[in-house]
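Going down the list, the sequences are from chains A and B. Numbering of the first sequence is given in the working numbering, commencing with residue 155 and proceeding in unit increments. Numbering of the second sequence is given in the working numbering, commencing with residue 62 and proceeding in unit increments.
In case anyone wonders, no lab produced these hints; they're calculated from the structure. Please note: incorrect hints may appear among the correct ones.
Said to hold, decoys possible - Here chain B is said to cover these stretches of chain A; the calculated rule only asks that three of the stretch's residues, wherever they fall, bring their Cβ under 8 Å from a Cβ of chain B: (1) 540-547; (2) 652-665; (3) 728-740; (4) 757-767; (5) 772-784.
Said to hold, decoys possible - Residues of chain A clear of chain B, computed beta-carbon distances all greater than 10 Å: (6) 348; (7) 379; (8) 380; (9) 415; (10) 425; (11) 458; (12) 516; (13) 529; (14) 623; (15) 649.
Claimed, not checked - If you anchor each label on the Cβ, the simulated ranges turn out as follows: (16) B/503 to A/536: 31 to 39 Å; (17) A/774 to B/823: 31 to 39 Å; (18) B/125 to A/388: 54 to 62 Å; (19) B/751 to A/380: 51 to 59 Å; (20) B/386 to A/314: 45 to 53 Å; (21) B/823 to A/378: 22 to 30 Å; (22) A/539 to B/188: 44 to 52 Å; (23) B/823 to A/493: 52 to 60 Å; (24) A/536 to B/394: 19 to 27 Å; (25) A/522 to B/386: 36 to 44 Å.
Don't be surprised by glycine CBs; every beta carbon is placed ideally from N, CA and C.
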Amino acid sequence: MEKSGSVDSLGSKQSSSRQPSVDSLSSSSTTSRSDRSSQAKPPSAVSSDSVSVSDLPLSPEQLRANIRNKPVPKVIRDSHKDEPQMLTKETVQDMAKDVTYICPFIGALRGTLTVTNYRLFFRCMDRDAALVLDIPLGVLSRVEKIGAATSRGEVSYGIVCKDIRNLRFVHKQPDDTLKKSIFENLMKFAFPVSNGQPLFACEYDQVFPENGWKVYDALAEYKRQGLPNESWRISKVNDHYELCDTYPSTLVVPVTIPDEELKRVAAFRAKGRISVLSWIHPESQATITRCSQPMVGANGKCSKEDEKLLQAIMDANAQSHKLFIFDARPSVNAAANKMKGGGFESEDAYQNAELVFLDIQNLHVMRESLRKLKEVVYPNIDEAHWLSNLESTHWLEHIKAVLAGALRIADKVESGKTSVVVHCSDGWDRTPQLTSLAMLMLDAHYRTIRGFQVLLEKEWLSFGHRFQLRIGHGDKNHTDADRSPVFLQFIDCVWQMTRQFPAAFEFNEYFLITILDHLYSCLFGTFMCNSEQQRLKEELPKKTVSLWSLINSQLEEFCNPLYVNYSSHVLFPVVSMRHLELWVGYYIRWNPRMRPQEPLHQRYKELLAKRAELQKRVEELQREVANRAAASSSERAGSPTRSITPVQTFV
Amino acid sequence: MFSVKPLKPTFKSYLPPLQTDLKKSPQLTIRKLEAKLLPGEIVVNEANFVRKCIGADSSQDDLWGKLICTNFKVSFITHNSLPQQNFKYVHRLLGEHDVPLACVEQVVTVNDVKGKQKVLGSNKKLKFNPTELILYCKDLRILRFRFDQAGPESAKKVCLAIAHYSQPADPQLLFGFEYVSSRYYGSSGERVNGVDPGGGQQTPLFDRPSDWDREIKRTGASEWRVCSVNEGYTISPSLPEYFVVPASLADQDLKQYACSFTGQRIPLWCWNHPNGSALVRMSSISDPQQQRKLDQRICSAITKSHPQRCDVFKSDLDKQLPNIQEVQAALVKLRQICVIEPFEESEEKWLSSLESSRWMDYVRAFLRHAVEVVYTLEGKHTSVILLEEEDRDLSCVVAGLVQLMLDPHCRSLLGFQALVQKEWVMAGHRFLDRCNHLKRNEERRKEESPLFLLFLDCVWQLLNQYPSAFEFTETYLTVLSDSMWIPIFSTFLFNCPKQRAEHSRDFARSRSIRLGQDQALRFPAVWDWSQQFSPKDQTLFNNPLYVGKGATCVQNGAVKTFKRTKQKSYSSTLRGLPPALRNGQLSDLDTLPRRNSLVLRLRPELGQAREPCETPCERFVRERFSRPADPQGMLLPQLLPSHLSLWRLYFLRWVPEARIPHGGPATAFHKLSLLVDEIHTLQSRLRHYNTSNSTPTPTGPPPPAPSLALSPPPNPPQRPHSLSRPQPEQQQQQQQQQQQQHHGRMYFRTSSSAPAGTPSTPDYLSSSFPFSPEGNLCRRGLLGTPLSKLLSGARIWLSTETLANEAL
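If we strip away everything but chain A, and leave its shape as in the complex, we get (with noise of 0.2 Å):
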């Protein structure tokens, strides 16, 4: 890490630039805050151990709340709000005075901005309008200068988020031309991969004391489901990742498959991603298996490998002599892959298996739903067609196809009985997002916190889900066609089930904004890379933290007090548009003309407590009334003790 440099800059002389008209009215405001800007220390003397818990900018009182009676290390609160709360290993870089941030919302904001190793600080001076920007450098995906510099010298940039939010930021152009500006310690910060740096995750030692890299384990996972079993065995002919790179070396396959024979399905399926089991019914024993396309090419291949081991899937289900191909694509966009050598199956090769076309649009048509959802929800919403808008941005639309299509593998599995078998083009797109909102139908485990946590690992992450192309973590170069917004099209989905739902997910909505916020923010090292080798190649358990030790040391910041664990539910949402809503809380959250829905945990926590004051007290008193009963009177020996009953609890 290059840490001189830019350091200096902190003592800077007072920026003699300052803005006249907003100083003539600001100056007018009689409410008046000590100047603490003149004596500001450099924050890194306090970043050696003062440290957050996670990025965002809790509260005081929250922070106070959270690391209340937890193992969690402290918070030194210092009472210099201009600098962010620093992380371990997060040194300032720049700091800038009089910078105007032109909020959409508001207006111009004059304010002092910190570029750290991680972060962008803004903190806005101005007495009547106090403002805080605190955004992991992650997030940025493009900074861009925007028109020549004024003639007051005075430079101008704009920030395009991930999160869905622009930033624009002007200050004067630095006197000293010698010194980096801040616009050039953003693009290296902000971008280390493309300067052939590592990311802030990689410097990030935080000691959390749950450890999140345990959070899955393969065997485990499986074991919970049930195998091995007569029917599916264990296979390990992907331990050194040479049947297929982008798969996980845990598999589970049918016994009846030897894995020579695997290896010759492999060359069948794109990218060798074979059909593999994820999930089984613990009932029926009917099964959700994934693949990629089957490489059939114009001249209609065919593999009398991938047949066998399709029917040895279907074989293993007693229950039903079917087989159902969920290709998630258009039935065009799968023909059309057939010039390219991929396909579908044909019925005709494949005996007894019924092939459906789910009609999700690829990731570039997400890509663009997801832009101009971003025009129409950020920074203002046009009040008179919000509705119209919505509707031709063609989000919901997308999100109902991908829940329409996840109800469907479920409900062919629990209700009839029949295995399925999933796959897109390559199978790390679309595929996870139906085969992981299909087990979350299904399978209550995955509801819990802990469980969402494994079914993340094993179906997103394991399987292969390109995280570092999708997103982009430090990589400057915004255009890439790879990038899109497929995981978090899934957490929408998952969200949307919330809603349907209230009672049966154990982790609030909050769970699913951090993880969306880390899923940028290059603070952990879950979300990096493309696969399961690239993870162990790169050492990321050693060298990074998992999102899970911070969620899981924390956990009740992330659960839902309304859960009730409905072991045995298997749900079944409402796919229309009638109940389909814009995730106002995520996409809108910017916007201060909106205020956060009264969040519900806080009245039940209220009535939780009220809960546990009032049984302590019948507690004592019923021992008090029993002393006095027995004391006083023996010959009431049959003296009731049904009110001595503890009264039951659910929570």
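Model the placement of chain B on the given structure of chain A, informed by the hints.
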């Protein structure tokens, strides 16, 4: 048919002779299907072997029974029960398949052999024998009956009777008159001297000076007085007999001013803010010569009543809000897309159709207008006059919403009922015309408008955004709107108090009913919920999340009860929100100074092309939003269109395809209710121990907690009680007692029999709870055809196995 002369039915001919006991009609003995009749209710016509359509796709679930038209309702009686019927609250006035005639919007008869169909109106002729009857209801249900096996003549007669009796020509033909006179004033009536008007819980009706006095005291409006110039409705026909005016105006002035106002309506006081600013509603001044002078006098009188003598702000509603016809048109369109159009067809364009109905726009417009008034009262300490031509429609909505946002009392159940009573019923909202209870012609159609429903939708938006600020639930709001179509409540039957007085006096005179002390027949108010529901079912109204008077709130382990005091500060009781939910924008500084930087708008060269331009009101709202909400303080709704939702329970509850089995808000309601019930149980135990501790006598067996002891078996498959028999006094007392015990109780209880630790969620919970779509929404023309399978929506993706499982 009607041609058989002696039988030609008219309303009048059926009215007095109660001695004709129609229940002994020989037809009925065939299958022993008897109509359950209320006091004063008589059977007009009926048809046997009628099939009620239930399922969307097939006729296999259809029910066979008898279709009856009475002077109150369309009743369908069957021995069979619904196949998927798991739960329904029991209505005391209506059976499972009944629809009040006043709820019928349109009667359509079809002959599918001849390919004919006809919309039947009152006194219309029907030239074909109907094979099918479709009732479009005002509560958005669509009921279908088939007459394949019924006698063609009796089918025709029953259809004509329904069409005729659902549109009576005169208000006194509405069933309420018959019902109230028979039940409460008849010789066999329960209570000779009329009904207890306020219902069990004493909702103030504002028909007495004392109710107004209490309201003045409660809001601290010391510079205002109750006036009685309109006693006997001598001044204004649409004002109540008692209302509140500035203390500085003498009766003599008022009488003089009255004639210059539209409808002789003297400006009405609604409410006082704790800071002294008042909310007043006023009709237009019809006399142009008087206009300026009168306007000044009224304003200066209101200014004098303000402690700081602040100026008055006038808010012209007619100019800024949609008119009643526009609101009506919006509902018609919304109904079209919600229940009439085939489900799957309307999916693709759902959002834009919703937008083009403009309903949500109007909801937002009223909420926004109310917020502006709130800003003037609270932020500018200025009194507000709501101006409307007649002051009987838009003002009701706005005045109600303003008080809901500012006054936590109005968010309690009783407070809300008082609010509706004050701003709607007593202020003379034309419920009779707006509901269009009478025979429809072009002129009357223009008067129909769902303003009250719009108001309830606005209330729902607030409830949806602040779930712990209201004592009642969305079920309450839905049931309240449904009650508009049960024509026995004083609340919704009349255009104004005077009309009620006149009609009930005339009716009593024409029937020689002795009224005793009353000057007029007294109708029950809708607030007497025991008319409709058992005490147990009334607990569906109780919001387990409520933080308010009576509800307990824990602060540092101490129990704090909120009370409105004069120097009430709307302090926060909640701690901060998780920051990701807070919009991550505003800092954690403890206080934000009020003033905002005007500054920023003065710098166009820095800003983007479109400078954000905040009105003072918007700024007021934004600053409020930066602080945590206080459910007992001021509530400001989020007004972004993205933050208002369709009131799904109301608009989609009958739509089978939209029903989420095992899901929806009801599941959260269930979970929360159990917790609150546990708290109640513990509290009552504590009380028991405390009392037994204080008495020196040795403790006997403690009575089990009331919630455990009194809770009836959950989900009782009861039929509605027939109220035709007089109930003994004792029983009623017992009922009232029970009702008190149920007040504040939860619908769902922790049952003593369930093994600890395994809370079972009832299977009947769904997004429609406590309503059920089964048989309540059968769209026309798609049944049984292969096309229907295609169009019946997203559910067709589910295999039949799943659908069958759901039935379990």
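Each hint tested on the structure:
no., hint, result
1, 540-547, "holds (count 5)"
2, 652-665, "holds (count 7)"
3, 728-740, "holds (count 10)"
4, 757-767, "holds (count 9)"
5, 772-784, "holds (count 7)"
6, 348, "holds (27 Å)"
7, 379, "holds (22 Å)"
8, 380, "holds (23 Å)"
9, 415, "holds (33 Å)"
10, 425, "holds (30 Å)"
11, 458, "holds (31 Å)"
12, 516, "holds (20 Å)"
13, 529, "holds (14 Å)"
14, 623, "holds (26 Å)"
15, 649, "holds (13 Å)"
16, B/503 to A/536: 31 to 39 Å, "holds (38 Å)"
17, A/774 to B/823: 31 to 39 Å, "holds (34 Å)"
18, B/125 to A/388: 54 to 62 Å, "holds (58 Å)"
19, B/751 to A/380: 51 to 59 Å, "holds (54 Å)"
20, B/386 to A/314: 45 to 53 Å, "holds (47 Å)"
21, B/823 to A/378: 22 to 30 Å, "holds (29 Å)"
22, A/539 to B/188: 44 to 52 Å, "holds (48 Å)"
23, B/823 to A/493: 52 to 60 Å, "holds (55 Å)"
24, A/536 to B/394: 19 to 27 Å, "holds (21 Å)"
25, A/522 to B/386: 36 to 44 Å, "holds (42 Å)"
Going through the hint list in order, the structure satisfies each hint without exception.
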